[in-house]
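Counting in UniProt numbering, the sequence shown runs from 1 upward without gaps.
Derived from the structure by calculation, the hints contain no laboratory data.
You may find that some hints are simply not true.
Stated by the list, open to error - Derived EDC-like pairs: lysine to aspartate or glutamate, alpha-carbon spacing no greater than 16 Å straight-line:
{"#": "1", "residue 1": "101", "residue 2": "188"}
{"#": "2", "residue 1": "89", "residue 2": "57"}
{"#": "3", "residue 1": "187", "residue 2": "57"}
{"#": "4", "residue 1": "187", "residue 2": "98"}
{"#": "5", "residue 1": "101", "residue 2": "296"}
{"#": "6", "residue 1": "86", "residue 2": "98"}
{"#": "7", "residue 1": "187", "residue 2": "304"}
{"#": "8", "residue 1": "101", "residue 2": "302"}
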Amino acid sequence: MESETVSLDNMSTAFAAHNLSPFSMFIAADWVVKTIIVLLLLASLASWTIAFVKVVEIFLAKRRVRHELQFVLNAQTLPRLAASLKESKGVGVFFLREVLKEVYLSTQQVNFIASDGSSGGSREKAHERQCAQKGISAQGIFGEGIFGQGVFGEGIPTQQNPYDDCLFSEEIDRYGEVGRDMNEGVKERVHSLLSRCLLSAVRRVACGSAVLATIGALAPFVGLFATVWGIMNSFIGIAESQTTRLDVVAPGIAEALLATAIGLFVAIPAVAMYNGLMRAINGYRNDLGDIAAAIERLLSRELDRHLQQKSHKK
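Using the sequences and the hints given, assemble the complete structure.
Pasting the structure below:
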């Protein structure tokens, strides 16, 4: 009985000498286990940094999009929407610019066919002079001044709609009547364009979030590899010492299991943050889809209105 008590006392003294705290186990671990633990901690730091940056980015983007969505839903025409978004810097401005550019290109087919620059170029220059007389330049429509003085700036009365006249009426009159087929063609091209613009905007916001999924998927297995390596070293130590005492086996196994614990510590928050970001990105995608659908409706009304005006003139 005394021998068992003495052996337990010796074992307790050995455990106290090893000091099985996480930091002490890390210091006493094999260099492979140390390297893996350091990599896991760096991955944890990277995941938290990425998550913080993406949360701020998505929050600001969603706030801008929802602000623009109110303007889009309240607008009755595309020119009025352009006027209301002239101070905005969100994705809705990008969507509107691309839509107006596509409509402009769709009504400029003759100019693009006349590649020699003779007849088409003269017609284009004449059209630019007509637009310039109304205070609009081709650069002002689709360049950086799309919402600046070139379209809705100073010197243009608000009750007039020079952009409307220049973009729709004159282009349609100069290049022939826009039939129902061309009307549908413009709508299809705009729908395709907006879908690609939406994917591009979502992809830009989601950039970097896949790193969280990668860390969440790999961290437990990396920690498990360090655990297996540490247990192998523990068995090698048992074979060399020719003893199976707990005070000899326990420290090595504890060091090995520390890597698994750190791997789970890294993976669980990364997976949770990735799922949260995906939900936020899906909400952002839905808001962008609402803006794109509203712009398509405005364009459809605009084209139908001009078709009706053309039919009434006849």
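Verification of the hints:
In summary, the hint linking residue 101 to residue 188 is supported, as the alpha carbons are separated by about 14 Å, within the 16 Å threshold. The suggested pairing of residue 89 with residue 57 holds, with an alpha-carbon distance near 14 Å, which does not exceed 16 Å. Of the supplied pair hints, the one linking residue 187 and residue 57 is violated, its CA atoms being roughly 32 Å apart against a limit of 16 Å. At roughly 13 Å between alpha-carbon atoms, residue 187 and residue 98 fall within 16 Å of each other, so this suggested pair holds.
Annotation: proposed proximity of residue 101 to residue 296 holds, straight-line Cα distance about 14 Å (limit 16 Å). In summary, the hint linking residue 86 to residue 98 is supported, as the alpha carbons are separated by about 15 Å, within the 16 Å threshold. Distance check on the hinted pair: residue 187 and residue 304 sit about 11 Å apart at the alpha-carbon level, within 16 Å; holds. Between residue 101 and residue 302 the alpha-carbon distance is near 15 Å, which keeps this suggested pair within the 16 Å criterion.
This entry does not satisfy hint 3, going by the numbered hints stated previously; all others are met.
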